[in-house]
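Based on these hints, arrange chain C on the given structure of chain S.
Chains as they are written, first to last, in our numbering: chain S, 385 to 497; chain C, 805 to 919.
Hints listed in this document are in silico derivations from the structure and should not be mistaken for laboratory results. Here a beta-carbon is modelled for each residue, glycine too, at the ideal position from N, C-alpha and C. Any given hint could turn out to be false.
[As the list claims (entries may be wrong)] FRET-style restraints, in silico, Cβ to Cβ:
hint : chain 1 : residue 1 : chain 2 : residue 2 : range
1    : S       : Leu395    : C       : Ser888    : 24 to 34 Å
2    : S       : Phe483    : C       : Thr876    : 10 to 20 Å
3    : S       : Leu395    : C       : Ser818    : 34 to 44 Å
4    : C       : Glu819    : S       : Gly425    : 24 to 34 Å
5    : C       : Lys873    : S       : Asn447    : 33 to 43 Å
[Said to hold, decoys possible] Some chain S residues judged to face chain C by a derived CB distance under 7 Å, without partners named:
hint : residue
6    : Asn416
7    : Ala424
8    : Gly427
9    : Leu428
10   : Asp469
11   : Gly471
12   : Ser478
13   : Gly480
14   : Arg482
15   : Phe483
16   : Asp484
17   : Gln486
18   : Phe488
19   : Pro490
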Amino acid sequence: SQTIHQWPATLVQPVGSPLSLECTVEGTSNPNLYWYRQAAGRGLQLLFYSVGIGQISSEVPQNLSASRPQDRQFILSSKKLLLSDSGFYLCAWSRGGRFDEQYFGPGTRLTVT
Amino acid sequence: AQSVTQLGSHVSVSEGALVLLRCNYSSSVPPYLFWYVQYPNQGLQLLLKYTTGATLVKGINGFEAEFKKSETSFHLTKPSAHMSDAAEYFCAVSKGSSNTGKLIFGQGTTLQVKP
Numbered sequence: 385s386q387t388i389h390q391w392p393a394t395l396v397q398p399v400g401s402p403l404s405l406e407c408t409v410e411g412t413s414n415p416n417l418y419w420y421r422q423a424a425g426r427g428l429q430l431l432f433y434s435v436g437i438g439q440i441s442s443e444v445p446q447n448l449s450a451s452r453p454q455d456r457q458f459i460l461s462s463k464k465l466l467l468s469d470s471g472f473y474l475c476a477w478s479r480g481g482r483f484d485e486q487y488f489g490p491g492t493r494l495t496v497t
Numbered sequence: 805a806q807s808v809t810q811l812g813s814h815v816s817v818s819e820g821a822l823v824l825l826r827c828n829y830s831s832s833v834p835p836y837l838f839w840y841v842q843y844p845n846q847g848l849q850l851l852l853k854y855t856t857g858a859t860l861v862k863g864i865n866g867f868e869a870e871f872k873k874s875e876t877s878f879h880l881t882k883p884s885a886h887m888s889d890a891a892e893y894f895c896a897v898s899k900g901s902s903n904t905g906k907l908i909f910g911q912g913t914t915l916q917v918k919p
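Chain S on its own, in the form it takes in the complex (with noise of 0.2 Å):
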């Protein structure tokens, strides 16, 4: 079966610091990967997806990037974070058809401060 991890589960980081969110999918072979943000109180907005690996598409001009260095590997990353980075973070996998669901990780709660 698969599964999806992603880590760390919380995060506290002062503004200004690098970030680095790492979602790793197992039991599956080239998935579609997906990084989403959930801001307090509002819906999922879609960050970044990647088809492939080294192939990533940004949905939203931000303070952020996502790289894919391995098949089963996606990683989210800042130089330099806002407070308005501040959120929850989920990673989620797919097969990548039209009616594929996608597989959500447990997330990444970010406080930046």
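This is chain C only, laid out in the frame that chain S set:
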């Protein structure tokens, strides 16, 4: 283009009462529709999905949803609410015809279940 509207950001029901969470969609292609549930500080979990075929879809935890093309709706129901159903619920539609697998999510509906 695809979009999803969830009517009611907060819904409150009594334990044992009917749960009805509303979702309307817009899609330029035949829609594939999904309902997810999110418990506090957790990821999203798929409740059910509609692709083709039977328009009444049964999911986990006693939930079901009916695809109504004429009404562009995909409302989620459960005959009898349980305290453990308190969570946030998201409706989503598959985006476009590409292989990205992207989903367009509604803004979510928080379900409160009162004892």
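Results of checking the hints against the structure:
1. S/Leu395 with C/Ser888: 24 to 34 Å: Holds: the Cβ-Cβ distance is about 29 Å, inside 24 to 34 Å.
2. S/Phe483 with C/Thr876: 10 to 20 Å: Given range 10 to 20 Å: holds, Cβ gap about 18 Å.
3. S/Leu395 with C/Ser818: 34 to 44 Å: holds (39 Å)
4. C/Glu819 with S/Gly425: 24 to 34 Å: holds (25 Å)
5. C/Lys873 with S/Asn447: 33 to 43 Å: holds (41 Å)
6. Asn416: Result: holds, 4 Å to nearest chain C Cβ.
7. Ala424: The hint is violated - S/Ala424 has no Cβ within 7 Å of chain C, the shortest such distance being about 12 Å.
8. Gly427: holds (4 Å)
9. Leu428: holds (5 Å)
10. Asp469: violated (18 Å)
11. Gly471: Interface hint status for S/Gly471: violated (12 Å vs cutoff 7 Å).
12. Ser478: OK, holds: S/Ser478 within 7 Å of chain C, min 4 Å.
13. Gly480: Constraint on S/Gly480 satisfied, holds at 4 Å.
14. Arg482: holds (5 Å)
15. Phe483: Cβ of S/Phe483 sits 4 Å from chain C, so the hint holds.
16. Asp484: Cβ of S/Asp484 sits 6 Å from chain C, so the hint holds.
17. Gln486: holds (6 Å)
18. Phe488: holds (4 Å)
19. Pro490: holds (5 Å)
Hint compliance for this structure: hints 7, 10 and 11 are broken, all remaining hints hold.
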